[in-house]
Amino acid sequence: MAVVETVKLSKHFNDVKAVDGIDITIQEGEFLVLLGPSGSGKTTLMRMIAGLEKPTGGTIKIGDRVVNDLPPRLRNVAMVFQSYALYPHMSVYNNIAFSLRPLGMTRQQIDDKVHWAARMFSIDHLLSRKPRQLSGGQRQRVALARAIVREPDVFLLDEPLSNLDAKLRAMARDELKQFQRQLGVTTIYVTHDQVEAMGMGDRVAVMSNGRMHQLGTPQVLYQSPADTFVATFLGTPPMNLVETDSCLLGFRPENFLPEAAHPDTPHPLVIDFHLTRVEFLGSDRLLYGTIEGADGPVKVVGDLPSVIDYTPEPGTICPMMVDRRHLSYFDKSTGQRIAPTPFALRGLRDPAGTA
Amino acid sequence: MAEKTDTRVHRPHIPSPARRRVNRLGRGGFQAATIAFFTIFAAFPFYWMLIATFKTNQDLYRPLNNPFIFNQPPTLDNLKLLFNETNYTVWIGNSIFIGIVVVLITLLLAVPAAYALARLSGRLGEQLGILMFMVYLIPPTLLFIPMSRVITVLGLRDSIWSLILVYPTFTVPFCTWLLMGFMKSIPADIEEQATVDGYTRFGAVVRVIMPLALPGLLTVVVFSFTLTMHEFIYALAFVSISAQKVISIGVTSELIRGDVYFWQSIMSAGIIVAIPVAIIYNVFLDRFVAGFTLGAVKG
Amino acid sequence: MVTTSTPLTRSMQRRQSRMLKLLDSERFLASAMLLPAVAYIVLLVGIPLVTAILFSFSDATMASPEIDGLNFDTFITVLNDPVFRRSLGNSIGFTVISQASMVVLGNVLALALMKNFPGKWFVRLLILLPWATPIAIGAIGWLWIYDSVYSPIDWIFRQVGLLGIQGDHVGLISRAPNMYWLGQYGPFSVILVQIWRMLPMSTVILMAGLSSIPQDVKDAAEVDGVGFWRTYFQVTVPLIRPIILVAFLFGVIFTFTDMTIIHVLTRGGSDNSTQVLASYAYYKGIDGGNLSQGAAIAVFMLPVLLGLAMILLRIARRSEVR
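Protein chains in written order, with the numbering used here: chain B, -12 to 342; chain F, 52 to 350; chain Z, 52 to 373.
So that you can see chain B by itself, here it is in the shape it has in the complex:
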């Protein structure tokens, strides 16, 4: 229930710039996801907000306080670690109550709070167990209950779902998002999993090498990536990038469809596609092949939904179509997104494409 703001925040470990000048403002009650590959600095950024790392430069504000010099305990943040970091020697009850004890509450107040948090995550029947007697999903719930019991200003979650198996994870994602809505706590969520990021984040910050590439809603990130890193980091398979004479041309596999199977589009772009292989995935078929870029053939992927009843033949040249509205343009040297520019491509069929 506080705004979190970082200004020019950086953290250097010797020569390594783990976090390199991050400006970010997380709104009250917002669910912000820090997304990036390992080593991108997302966890370091979160640990600085928690107070577990001292920043090399810049400031961190929680609410209206600059918290740079405050130890973690005075920041009123709660954190859920990837390992859950449950205290193995304490019962679930004591794990949850642990953060209440330094606050000088009465025994009754503590008891009420613990039961309130336990009920919220439906773990009230587990209160007398030790962490080692719990399943992975139960541990995760205990960690969450322990985090919310103090009603923190900020909720920090470091890959809290990565220790769950795939089935549980989808369910936990949904629950977690619901609890967050219900509590309205400002939440920062670190993950390397784009599905979690896209599914849960109000906004997502994409990071790599200590820098933030783009901050926006999942839709914006997906449809108009700010640079080639974001374009290729999000989406499975990632966005196709083809070098033309003037720019890098990007399009998503699902927008890259055989002309024959394509419903009528107002601004089509038709490209010759040397199809080499078709991969059947159930609901989709992936089309692997090449198109002619500025410097020879470029590997691209098309994603053909199974509902379209058309299968192109591998080994042939197949005309493929992209709607011009679905094209992204990037600067060739910086990789930054640019406004649509005219380009030429050898495999183009539509003469209007050069216009």
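Please keep in mind that the hints were generated in silico from the structure rather than gathered at the bench.
Computed from a predicted model, the values in this text were never measured in an experiment.
Yeah, the Cβ is synthetic: ideal placement off N, Cα and C, and Gly gets one too.
Treat the hints with care, since some could be wrong.
Part of the chain Z face toward chain F, derived, beta carbon under 10 Å [unchecked claim]:
(1) ALA81
(2) MET84
(3) LEU85
(4) ALA329
List of simulated lysine to aspartate or glutamate pairs, DMTMM-like, C-alpha gap at most 20 Å [said to hold, decoys possible]:
(5) B:LYS164 to B:ASP152
(6) B:LYS41 to Z:GLU77
(7) B:LYS286 to B:ASP271
(8) B:LYS48 to B:ASP7
(9) B:LYS48 to B:GLU(-8)
(10) B:LYS164 to B:ASP180
(11) F:LYS131 to F:GLU305
(12) Z:LYS166 to F:ASP337
(13) B:LYS41 to B:GLU17
(14) B:LYS164 to B:ASP189
(15) B:LYS(-5) to B:GLU40
(16) B:LYS117 to B:GLU138
(17) Z:LYS171 to F:ASP337
(18) B:LYS319 to B:ASP214
(19) F:LYS235 to B:GLU40
(20) F:LYS235 to Z:GLU77
(21) B:LYS48 to B:ASP10
(22) B:LYS117 to F:ASP240
(23) B:LYS41 to B:GLU15
(24) B:LYS41 to F:GLU305
(25) B:LYS41 to B:ASP98
Output of the computed footprint for chain B on chain F, the stretches with three or more beta carbons under 8 Å from beta carbons of chain B [as the list claims (entries may be wrong)]:
(26) 234 to 242
(27) 249 to 257
Go by the hints and put chains F and Z onto chain B.
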């Protein structure tokens, strides 16, 4: 391990089933014989001490008697002599008292140091840790001469307090090293969780790390204690009056009057101490070995 | 939902006293926690170590323990002392012989103990007894075994006719000769006790090494049809070489610097045939009151220890890189 790849083709040597059975039997027999031999080698002195404890003089001092058995009925006289006419109980008391005080000092010094080396001081801490281990390897033999000066200057000569002062020189480095490894194995995020949950770093150590390090602390208690029981040189050099002696000095010096060895009493005095110390030590031995090999192999 | 954040924040701010701030500071905690132990070690190990070296360059005695001037006189005296030379030779000889045989025997024993058999824990307990027992007490047991008249070894020798004839005696006194284990055979007897004492430790360390060899390596050797001895020397030994070295080095350090066994068994022997550096330093420095000579003799152990420490460090470094 940079093993060279052997390019020669080995023809597998397959012995016939009968031959294999003989091999296995032979190896089993060899194994049993080996174990029997070493067990007797290791344990015989203790048997020898035990049986002497209960032998009468007439039985013991007769070269023709089979020395491995009782040729006369066993007796408790030797034990009575030991407990009633010597300072044996005083020495045991001294040893236990020294052991307990040294354990306390060791915990007081080693626990915080081990934590600091494991968590707080980074690369330097790692090197300090190795240095700690090296200090443990500096033998008393090298230090007892200047140490005896220190003891004289402090006026502690012939007092058990001299031993209480110097024994931590070997218990503290070893226990710091042992605990450091133990604390490193406790995940850091549990401690960080406690600091986020509203505790100071120190509070986190007391509330979370200490309870989790309890098995390590217990190991340290046992080893500090047994190491003090094992020590000989300082005890020999610093204390020469009977009432202040520790067990290993008392037994090896006081039960010999001139040329007369009270063998049965000496043996009983030894075995009474040896067995309990050995058993405690044994229970914790695997941790001890882990500490050693950690010291040398993991760095 | 209960809103309690305002009173909470206030109570937290109250807690942020100076004292607590110190307890949050890593640097303060690190030095405060390290200081007592480090100070103690510097005072009672560091300074005595330096003093030991200074003593050896002085002419201090118990009667006049002041160090007034450093020179090599003491070293020259010590080096010219035939007993010292004998002790140095004995120290090295005893250590090398006992530790070399210990590594071999330790390997044999560790290998034999790797397989499970009924009563293994009890056998292990018995085999570990010598290491777990206070060394002085173990040695006094051996003193009685080595007794000049009543040694059980002599009795067995006599039984099998190796030592005089059984029953050849006058009254109670046997006329059969004795071996006098601590006389003529003193060095052998001492080495045997040293092996007896160190064998359990090296066995346990080697067992730890052996059990760390992954099963698939052993399986691979078996599938390849490699025989027992080849597997042992070409697979097992190379894999546990660092562990063998560790066992050896610890054995050397403990044996080389030990004087307890010598003190209890022979006190160096009347002809100094079992005198070692550690015991000679003790008799000179403490019993004889000659601090400088005692220290000088002890300091001769330092290079050996430093060398061993360097090797240990190097092993530590190498395995760290791996």
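Status of each hint after checking the structure:
no. : hint                 : in the structure
1   : ALA81                : holds (4 Å)
2   : MET84                : holds (3 Å)
3   : LEU85                : holds (5 Å)
4   : ALA329               : holds (4 Å)
5   : B:LYS164 to B:ASP152 : holds (18 Å)
6   : B:LYS41 to Z:GLU77   : holds (11 Å)
7   : B:LYS286 to B:ASP271 : holds (19 Å)
8   : B:LYS48 to B:ASP7    : holds (17 Å)
9   : B:LYS48 to B:GLU(-8) : holds (5 Å)
10  : B:LYS164 to B:ASP180 : holds (15 Å)
11  : F:LYS131 to F:GLU305 : holds (16 Å)
12  : Z:LYS166 to F:ASP337 : holds (18 Å)
13  : B:LYS41 to B:GLU17   : violated (25 Å)
14  : B:LYS164 to B:ASP189 : holds (10 Å)
15  : B:LYS(-5) to B:GLU40 : holds (16 Å)
16  : B:LYS117 to B:GLU138 : violated (23 Å)
17  : Z:LYS171 to F:ASP337 : holds (15 Å)
18  : B:LYS319 to B:ASP214 : holds (11 Å)
19  : F:LYS235 to B:GLU40  : holds (19 Å)
20  : F:LYS235 to Z:GLU77  : holds (17 Å)
21  : B:LYS48 to B:ASP10   : holds (11 Å)
22  : B:LYS117 to F:ASP240 : holds (18 Å)
23  : B:LYS41 to B:GLU15   : violated (24 Å)
24  : B:LYS41 to F:GLU305  : violated (63 Å)
25  : B:LYS41 to B:ASP98   : violated (34 Å)
26  : 234 to 242           : holds (count 3)
27  : 249 to 257           : holds (count 5)
Hints 13, 16, 23, 24 and 25 from the list above are not met by this structure, while the remaining hints are.
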